[in-house]
Amino acid sequence: MALREQLKKMILEVLPGVDCVIGWGAGYDALHAAPLFMRAPEDVERFLSGPLGAFGAVQNPALFLPELAGKKIGLVVKGCDSRSVVQLAAENLIKREEVVIIGFPCEGVIDLHKLRNKLAAHFVVNEPGGVTAVNLAGDHLALTAGGQEYTFKRDEIMADKCPRCREPNAVISDCFAGIERRADNIADDYEDIAALERMSLEDRFRFWEQEMSRCVRCYACRNACPLCVCRDHCAGASRDPHWLTQADSTRDKFMFQLIHTLHLAGRCTGCGECQRACPLGIPVLLLKRSLGRAVEEMFDYRAGLDTEAKPPLLTFRVEERKIKEREW
Amino acid sequence: MPLLNKHDRRPEHREARIVGFLCNWCSYGGADTAGVGRYSQPSDLRIIRVPCSGRVNPLFILKALLNGADGVLVSGCHPRDCHYAEGNFYARRRLEAVKRFLPTLGIDPRRFEYSWVSAAEGGRWQKVVTEFTAQIHSLGPSPLMADAPEFDFLKECGI
Chain A
1 MALREQLKKM ILEVLPGVDC VIGWGAGYDA LHAAPLFMRA PEDVERFLSG
51 PLGAFGAVQN PALFLPELAG KKIGLVVKGC DSRSVVQLAA ENLIKREEVV
101 IIGFPCEGVI DLHKLRNKLA AHFVVNEPGG VTAVNLAGDH LALTAGGQEY
151 TFKRDEIMAD KCPRCREPNA VISDCFAGIE RRADNIADDY EDIAALERMS
201 LEDRFRFWEQ EMSRCVRCYA CRNACPLCVC RDHCAGASRD PHWLTQADST
251 RDKFMFQLIH TLHLAGRCTG CGECQRACPL GIPVLLLKRS LGRAVEEMFD
301 YRAGLDTEAK PPLLTFRVEE RKIKEREW
Chain B
1001 MPLLNKHDRR PEHREARIVG FLCNWCSYGG ADTAGVGRYS QPSDLRIIRV
1051 PCSGRVNPLF ILKALLNGAD GVLVSGCHPR DCHYAEGNFY ARRRLEAVKR
1101 FLPTLGIDPR RFEYSWVSAA EGGRWQKVVT EFTAQIHSLG PSPLMADAPE
1151 FDFLKECGI
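Protein chains in written order, with my numbering: chain A, 1 to 328; chain B, 1001 to 1159.
No lab work stands behind these hints: they were computed from the structure. Even for Gly, the Cβ is constructed at its ideal location relative to N, Cα and C. Don't take every hint at face value.
[Claimed, not checked] Think about it this way: if two alpha-carbon atoms lie no more than 16 angstroms apart in a straight line, the pair counts; the simulated EDC-like pairs of lysine to aspartate or glutamate are:
{"id": "1", "chain 1": "A", "residue 1": "Lys322", "chain 2": "A", "residue 2": "Glu296"}
{"id": "2", "chain 1": "B", "residue 1": "Lys1099", "chain 2": "A", "residue 2": "Glu197"}
{"id": "3", "chain 1": "A", "residue 1": "Lys322", "chain 2": "B", "residue 2": "Glu1096"}
{"id": "4", "chain 1": "A", "residue 1": "Lys161", "chain 2": "A", "residue 2": "Glu107"}
{"id": "5", "chain 1": "A", "residue 1": "Lys310", "chain 2": "A", "residue 2": "Glu325"}
{"id": "6", "chain 1": "B", "residue 1": "Lys1099", "chain 2": "A", "residue 2": "Glu296"}
{"id": "7", "chain 1": "B", "residue 1": "Lys1127", "chain 2": "A", "residue 2": "Glu327"}
{"id": "8", "chain 1": "B", "residue 1": "Lys1099", "chain 2": "A", "residue 2": "Glu297"}
{"id": "9", "chain 1": "A", "residue 1": "Lys324", "chain 2": "B", "residue 2": "Glu1096"}
{"id": "10", "chain 1": "A", "residue 1": "Lys95", "chain 2": "A", "residue 2": "Asp306"}
{"id": "11", "chain 1": "A", "residue 1": "Lys161", "chain 2": "A", "residue 2": "Asp189"}
{"id": "12", "chain 1": "A", "residue 1": "Lys310", "chain 2": "A", "residue 2": "Glu296"}
{"id": "13", "chain 1": "B", "residue 1": "Lys1063", "chain 2": "A", "residue 2": "Asp252"}
{"id": "14", "chain 1": "A", "residue 1": "Lys153", "chain 2": "A", "residue 2": "Asp184"}
{"id": "15", "chain 1": "A", "residue 1": "Lys8", "chain 2": "A", "residue 2": "Glu45"}
{"id": "16", "chain 1": "B", "residue 1": "Lys1099", "chain 2": "A", "residue 2": "Glu325"}
{"id": "17", "chain 1": "A", "residue 1": "Lys118", "chain 2": "A", "residue 2": "Glu149"}
{"id": "18", "chain 1": "A", "residue 1": "Lys72", "chain 2": "A", "residue 2": "Glu13"}
[What the hints assert, rightly or not] Distance windows between CB atoms, simulated:
{"id": "19", "chain 1": "B", "residue 1": "Glu1150", "chain 2": "A", "residue 2": "Asp203", "range": "23 to 31 angstroms"}
{"id": "20", "chain 1": "A", "residue 1": "Phe176", "chain 2": "B", "residue 2": "Tyr1084", "range": "42 to 50 angstroms"}
{"id": "21", "chain 1": "B", "residue 1": "Ile1048", "chain 2": "A", "residue 2": "Glu297", "range": "24 to 32 angstroms"}
{"id": "22", "chain 1": "A", "residue 1": "Cys230", "chain 2": "B", "residue 2": "Pro1051", "range": "21 to 29 angstroms"}
Modelling step: build the complete structure from the supplied sequences, incorporating the hints.
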């Protein structure tokens, strides 16, 4: 049975016991998926109805959980989404028993920024009616846009987080569709950060200056982040203390990213929603991954794997094992 | 290290802007002890007194560095000697994480240090401050993030 059919069957089984099931439905064109809230059995027909199937299921549905606290929610999750759910439960931001998790083995998702960049020479992808037909067959994606057909390999338009993903299967689930994908031999070498660190310090600083100067402060990165839970009390919007001015300055834009990054220290699961949501494609996930790497090195800890784990920055050891302090 | 004069314009004699976050109970007292003992110290450090090194939000450090501070020093009680029992244990984890994060931003991690100085250790305070100030002087002024040039609509339209 195809994955979609299996998932639909499970959703229909779960649906009577919950207020709604969150998954992915069709967006405004064939390339884009949108979160789908299924309340009645007839809604389930729209689940993953786009031509990309699970390859197009880019959004992280865990985003909606904290706001829906008190309701019983079914959630269809990829591996990375399930880590966000675990982290939210570990921080008591949601109750585990209020969520029914439906997992499946994820084969990676599309990165629309990459696709857009590849097509940019020809036309503007975002325009409604720009992309008219999409067909995913085997390892190739064929799409028709502006009356012309383009073909891409699946790997070249896959999100960067997918080839290095160590948890393609949901790390917790109440029911699981399909057969678990093996990922034992996959390691994350943090090559993206290593590449940045091969540049000189001065060049890195100018890199961020260049990238952040494009920021329009829409805060989509914050709004898409499943672990940004302060909502109306965001430090970036506070007047007292006045962390950020209202000026259009690169420094303030960068400072906002640093606030976001540090508030995710030891919490970020690397789902990449911030970077995906950025309309300008600024590589903001790099910052979070760098701090995540530091936390992993120091405390052998990765967020979102264990609901009982104590986040490392909320605890301490009298003798730290891996912190070597400077001798004055 | 020669005493610096802030009116001296020569780059090698320029006074650096260093922000120091000192815990009220130990390092601030240690700096006071050094003063009472008349130890000579470089005058580049601007001290901000905080109740505990655990009060130091890592964002203070990044905000200072991005806004023109050449260096930031955080100093508190020795581990196990915290006035509030465990504030500096939490601080140690956070401060170390920030120190390891700085290179990604393109900021030299040597611009930020943390140290533990008790209220009795005037001599140690002198050493910390002198060494750190010398380190910042060797690094020179910190980089500043410039704003993007203003968008010229007419020019973009070719008018």
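- Task: Kindly indicate which numbered hints from before are broken by the structure, ordering the numbers from low to high.
- Result: Of the numbered hints given earlier, those the structure breaks are 5, 14, listed in rising order.
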